[in-house]
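A.B. asks: Please work from the sequences and hints to get the whole structure.
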Amino acid sequence: MNENRFAAAFKQNAIWLVFIIEIAIFAYFNPKFLSLPNIINISRQVSYYGIASIGMTFVILIAGIDLSIASIVVLVNVVCAYLMMNMGWNMWFAIIVSIVMATLIGVLNGFMVSTIGIPAIIATFASQTIFRGLAYILSGGLPIPDVLRYAPEAGLNGNPTLAFFARWTLNHWSIFPRTGVGLIPVCAIIMVICFAVGSFILNKSYFGRYFYAIGGNEEASELSGIRVSKMKYLIYALSGFFAGLAGIIVLSRTGSAQASSLVGFEFEVITCVVLGGVSVAGGIGHMSGVIAGVLIIGSLKSGMVMMNVSEYTQMVVQGLVLAIAVGFDCFSKKRQAS
Amino acid sequence: MYEINGEYSGYYSEIDPKKRLVILDSLPEAGAADFAREVYNDRYSDHESKGRENIDWWLWRCICLQILYGRGNFLRRFRDKEIAGIIGELRLNDTDESHRQHLYHEYRNVCRRYLSTCKGGSYASRFMGFKQASDEEKVLKACEDVWQMSAGVARKTGNTEAMKLWVEAFRDELFAYDDICREEYTRLQEGK
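Those sequence lines, one after another, are chains C and F. In terms of our numbering, the first sequence opens at residue 1 and continues consecutively. In terms of our numbering, the second sequence opens at residue 1001 and continues consecutively.
Heads up, some of the hints might be wrong.
To be verified - The calculated BS3-like cross-link candidates involving lysine-lysine, where the alpha carbons are at most 27 angstroms apart (straight line), are: (1) C:Lys204 <-> F:Lys1081; (2) C:Lys230 <-> C:Lys204; (3) F:Lys1119 <-> F:Lys1019; (4) F:Lys1018 <-> C:Lys230; (5) C:Lys230 <-> F:Lys1164; (6) F:Lys1018 <-> F:Lys1119; (7) C:Lys230 <-> F:Lys1131; (8) F:Lys1119 <-> F:Lys1138.
No wet-lab data here; the hints were simulated from the structure.
C.D. replies: Laid out in structure tokens, this is it:
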């Protein structure tokens, strides 16, 4: 019995072992990999992956998928920058409007999947195309630059309370990724808070229980009293919300909004989630595994950059990681069934 | 061991709550029917008071048991507390023999209702619903689900004795579901 318990615990936490081995390999080849500046840099890099992966976890748990998150992130980038730079909106107001818009895009995805009955992969692919196109239209296909430099004047000027708050937490908007509490970047703190919220939703709230139930057996969930259709709306809305939040982090990090950026971001997020043990068949997965998945991908990207691996090779490696993660999930399901 | 009076067999074999109520109303009042009605009201009422209709609370609790089976041992105390609550809700603490006889059939009815959902197109599908499962794959998945929500969770959480009636009822209903279930159940029990 103890042996079984140990085996189960090992199986559940094996992903963390993979992470440790990965760290050890990169540290062996480049001792600077474990230097404090690099660790801080990785935490900044993974923050927007991490935040977006929370919503994706919910969606994959119900055996769905959201291919629109990259477009949502880009649109939030462009809209937020446009509102501040071209329309002179207050920074906080622009952020809130952008995130609400992202959430509404999620609701639209929920409508297409749940009410119309379009398969999730098709519905969210359509959203991806639509909203990437809208981002191009809004920006005229050109980058909106210098958001970091211009935003404080546009958004905070004349409002001492906001300006003080922004200086303290954000150092005039740009500080999201650039400073933090002590050594920890603010964007990493936001990611940790989001993971805590995501973990609470999955483990402690009835909503989380519903996500697992719908992913495990949708019909039984419906019969037991869960309003499956409404829950799908909620899940896609949450995915949109977290993608929107990730979009704000990206904007504050890059300082410019570009409609052509983040191509393939959704697949990187899916890789993080599936690598973290969330089954593409739905109903199985934990937030702790997703955190490990995010850290593995973040470390992999950083490690490869430090080892001067070319960008194209990085793409090949990331694709292989996704294939292996999904393949492993399918293989273990098949082995269970045979 | 849990043989039931002929007039109740129709009630316990029916899985539609509305049809069950009609049958229940036709049964002679007092005695066993009172207990069956009490259980019926308990099972199909909204314990969360969310104003929902068409609730099957016991079916929900059986899904919860399967989810709890999948939980790790982290925060085990919360899991065990919830299991204890479910055991109480499912009246597994009831020691009255005639009550346990009826409960056994009610549990089988819960399992039968769950199994009735294991034939749909989306059940046990793979790749975000793109690849539908074969009939055999669905049966095997149903076996695994039923085992996890009964014997699996009881064993994992150390409630084998407290959940004995529940486990027996689910096992017997599963064996009646398909020929390959017995073999699959044994395999799961042995942890292969």
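A.B. asks: Decide, hint by hint, whether the structure agrees.
C.D. replies: Against the structure, the hints come out as follows:
As the CA atoms of C:Lys204 and F:Lys1081 are separated by approximately 13 angstroms, the hinted pair is consistent with the 27 angstroms bound. At most 27 angstroms may separate the alpha-carbon atoms for a hinted pair to count; C:Lys230 and C:Lys204 meet this at roughly 20 angstroms. For the hint pairing F:Lys1119 with F:Lys1019, the CA-to-CA distance comes to about 21 angstroms; that is within 27 angstroms, so the pair holds. A threshold of 27 angstroms between alpha carbons decides the hint, and for F:Lys1018 with C:Lys230 the separation of about 24 angstroms falls inside it, so the pair holds.
For a cut-off of 27 angstroms, the pair hint linking C:Lys230 to F:Lys1164 is broken: about 36 angstroms separates their Cα positions. Of the supplied pair hints, the one linking F:Lys1018 and F:Lys1119 holds, its CA atoms being roughly 22 angstroms apart against a limit of 27 angstroms. Of the supplied pair hints, the one linking C:Lys230 and F:Lys1131 holds, its CA atoms being roughly 25 angstroms apart against a limit of 27 angstroms. Taking the CA atoms of F:Lys1119 and F:Lys1138, the gap is near 7 angstroms; set against the 27 angstroms cutoff, the hint holds.
Comparing the model with each earlier hint shows a violation of hint 5 alone; every other hint is respected.
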